[in-house]
Amino acid sequence: MISNKQELALADLTSIYAGRANGLYGLTLVNQLAHAVQSAYHARAAGLLDSVVVAALLHDIGHMVHSLGEHPAGLGIDDHHEKIGANWLERYFGSNVTEPIRLHVAAKRYLCTVETDYFSKLSKDSVESLALQGGPMSDAEVVAFQLSPYWKDAVALRRIDELAKDPQGPIPQFEEFTGQLLSSMKL
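Under the numbering used here, the first residue of the sequence shown carries the number 1, and numbering increases by one thereafter.
Mixed in with the good hints there might be a few duds.
[Stated by the list, open to error] Listed below are the simulated EDC-like cross-link pairs for lysine to aspartate or glutamate, each with C-alpha atoms no more than 20 angstroms apart in a straight line:
1. 152 <-> 162
2. 152 <-> 99
3. 83 <-> 99
4. 152 <-> 117
5. 152 <-> 141
6. 152 <-> 139
7. 124 <-> 166
8. 121 <-> 166
9. 83 <-> 162
[What the hints assert, rightly or not] The calculated label-pair distances, taken between Cβ atoms and stated as ranges, are:
10. 176 <-> 139: 36 to 46 angstroms
11. 140 <-> 168: 39 to 49 angstroms
12. 140 <-> 119: 18 to 28 angstroms
13. 2 <-> 127: 37 to 47 angstroms
Since the hints were derived computationally from the structure, they do not count as laboratory data.
Since the structure is predicted, the reported quantities are computational estimates derived from the model, not experimental observations.
Where a beta carbon is used, it is the ideal one built from N, C-alpha and C, also for glycine.
Make the full structure from the sequences, and use the hints.
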């Protein structure tokens, strides 16, 4: 049975994605909603934990709860959406959801450091934002990143993030992930 708090949380999340996720996602040909549900679709198809499916679904919510517009990177602004989003989501979810979200930008920097071909796989908007986010990591940053108990989930999320920008890709309904959202809530 769904608690009143869970019902309110679902309504809040659904409202954000219904109302604020229709703008284009950076320089891609998909909007925020399509990117979110494609991310969750790929996470679920990969057999990842429900918490990582939810992290994939909500990883860019920070873009929708800040007031910097749809493409701040185009203005030379690092919007810190990963931190804003993770902090905002802490009201509903535990660290198994919020920390991969908080770390998904660091995971991009990490992958650009440890995999020589990863940079060449990035979309134009990911390359643009990477420079604002600090570029590839130093050796010390790599070690520090790997100390997080959620670094592997963040790397999995980051790989999915890059896949989920396909205008011809699957676009399930947001509500298809209600079960994963509910099972991951701390309410």
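Comparing the hints with the structure gives:
As the CA atoms of residue 152 and residue 162 are separated by approximately 16 angstroms, the hinted pair is consistent with the 20 angstroms bound. Distance check on the hinted pair: residue 152 and residue 99 sit about 11 angstroms apart at the alpha-carbon level, within 20 angstroms; holds. The straight-line distance between the Cα atoms of residue 83 and residue 99 is roughly 9 angstroms, inside the 20 angstroms bound, and the hint therefore holds. Note on residue 152 and residue 117: the hinted pairing holds, with a Cα-Cα distance of about 19 angstroms set against a maximum of 20 angstroms.
In summary, the hint linking residue 152 to residue 141 is supported, as the alpha carbons are separated by about 15 angstroms, within the 20 angstroms threshold. Proximity of residue 152 to residue 139 is assessed by CA-CA distance (about 17 angstroms); at most 20 angstroms being required, the pair is judged to hold. About 13 angstroms separates the Cα atoms of residue 124 and residue 166, which keeps this hinted pair within 20 angstroms; it holds. Using a Cα cut-off of 20 angstroms, the hinted pair residue 121 and residue 166 holds, with the two alpha carbons roughly 14 angstroms apart.
Distance check on the hinted pair: residue 83 and residue 162 sit about 19 angstroms apart at the alpha-carbon level, within 20 angstroms; holds. For residue 176 and residue 139, the hinted distance range of 36 to 46 angstroms is satisfied, since their beta carbons lie about 41 angstroms from each other. At about 41 angstroms, the CB distance of residue 140 to residue 168 agrees with the hint of 39 to 49 angstroms. Hint check: residue 140 to residue 119, Cβ distance near 20 angstroms, so the stated range 18 to 28 angstroms holds.
Remark: the range hint 37 to 47 angstroms for residue 2 to residue 127 is upheld by a beta-carbon distance near 42 angstroms.
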